[in-house]
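These protein sequence lines are chains F and Z, in that order.
Start counting the first sequence at 44; every next residue gets the next number (our numbering).
Start counting the second sequence at 268; every next residue gets the next number (our numbering).
Treat the hints loosely; a few may be bogus.
Partial selection, computed: residues in chain Z whose CB lies under 7 Å from chain F [said to hold, decoys possible]:
1) D389
2) S438
3) V447
I should point out that these hints are in silico values taken from the structure, not numbers from a laboratory.
Every residue gets a Cβ at the ideal spot worked out from N, C-alpha and C, and that includes glycine.
Okay, here's what each chain looks like letter by letter:
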Amino acid sequence: MGITFRKETFRDDYTFRNSPEHIRRFPFPFNEDAYMYAVNIEPHVVGPKGSVLENLIDVDEHYVAEMQDRALVLAEDPLRCQSLPHMTLAGWDLLELLMEQQALGYPEHFTLERNGDRWRWINRPLGIDDTFTFGDTSTLPYGPMEYITRQSQGDFCILDQRDGNLWMDAGMVTTQADWSLDFDIGMNFFEWHAPVPLAHEKGIFTRALKFLTNIQQGKPARRLNWTMTINPRLDTSPENYHKWGPDRATVTPENVGQKVHLRVELQSFWRLPRSNAIVFPIRCYLIKMDELVTQPKWARRLHRVIRDLPEELATYKGLTRYRPTLVEWLSKLDDGSATSPGFGPD
Amino acid sequence: MAAKTIISRPLYGTLSPQPGKHHLFIVDAEGALAITDMAGKAPPGFFDGAEIVFIPGPEGRHVAALEALKPAQLHIAPSFASLLPRLKQTLTNAHMGLRLYLAGTEGLIGQAMQAALEAGIDHTSIQTEHRGSLARRVQCVHCKGITENVSTQPALCSHCGLLLLVRDHYSRRLAAFQGVCINAEDRSEIPPMEEAFP
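Next up, chain F with everything else stripped away, as it sits in the complex:
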């Protein structure tokens, strides 16, 4: 039967909404009533039917609208997609991975036909039917990474592995939570994470790097990260911070439910077969407070997490200005009763 793709926007009139089914499948990132950094990495294996983990590369009702928003971002700022010269092979690896996974999970929407190096890719939601030669960049309208990531939800970073480190040497980054690919491209794992507070001292990045450099082909891993965004805006880049930053001052007790969004990143990590690079998809899920609190357990838990968040983390995540308003609003939905274990709704 396939997915019904919503017509919606992530800018201007902000018509983005989640359907009731998509609210239930939202990857709520808190499994207890408090939050602190941890190396919360686990194997990226298929999860329950109807969850965002039903397929390893998730396609949902926002697919078409997200791809349209990406095209708008790239037209305004082509520097959001960059690949250093040695990363083309990894781009082909990524193209193969995403075509295979999308065709596997959603055969009614995507088809990949392979005849030696001659490949045919059919993307029905976007009206694409292209035949090309795998490995020959001249047969595609863009480089391989840009071509396939214009057709895949989420940001993508491709990390070259050398000298025992990972290097951010290519990426498609248009839905980021306030970091700049253009600034960070070419940096190693520790350098691009340099501005993150607290985690270096806790040894988080040393352990995470050790884990990531040992990832094997066919055994991807994943973790969740989160922040909050005012208005369902995908492009919360530092490049445009002066444009979306003022939104943070517009939160009132009356509009919290519609304006404030929990933003969850499902990050996964995959070894690529030819290049030995790691691809790091950062899939962004948005949910507005009015939608989230339809699940009472989530409302209670989010209240406690946001209320008790260490100040440094609240500052880093940019919550400072509207946190009191949000906590006050959520407190009315928290009767103090216990929350059940685990991430999911009751």
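Using the hints, position chain Z against chain F.
Okay, now just chain Z, sitting in the frame of chain F:
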């Protein structure tokens, strides 16, 4: 905001003579003194294989001290921009084993390192020593323009005019610190501009 340093911020050392026959020094202003201080530790004949490229800056000092070292070549340049074509040529034609030494302002070290990286030289093999001004090169993350010699916090972007928080986050590829609008959420908040990088 950023009182302590962060990992992307470059660390500088003290120049020391490296084994090898070919030595290229790129220094500006007070950076000349890093070479003369190092000279005492250098083996006899060290400067016979050395080229020194020097940007004296407005005060025009230290030229005589460098001449006294009798390097194989001493090139005086009026600005980094003016020496860049020559530097690129030198780096492109460099033999394996060329030793690179950079000393002076952060802007000079960063831009010379950027040229070296583009020529395929590993940044960890380059000797650096910071001398003189702490002024920063700052890339505005919004308009992408680079403002030179930033000494204040916050600082005005010389291209788009936004008031920027100068972060410690540093890109070797751009040879610049990152500047992010400091009052994006409320433009009426104008924090005082203080001398932070004298």
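Hint check:
Using the Cβ-Cβ criterion of 7 Å, the hint placing D389 of chain Z at the interface with chain F is not satisfied: the shortest such distance is roughly 9 Å. This hint holds: S438 of chain Z has a C-beta 5 Å from the nearest C-beta of chain F, less than the 7 Å allowed. Hint on V447 of chain Z holds. Least Cβ distance to chain F is approximately 6 Å, under the 7 Å limit.
The earlier numbered hint that this structure contradicts is number 1, and it is the only one.
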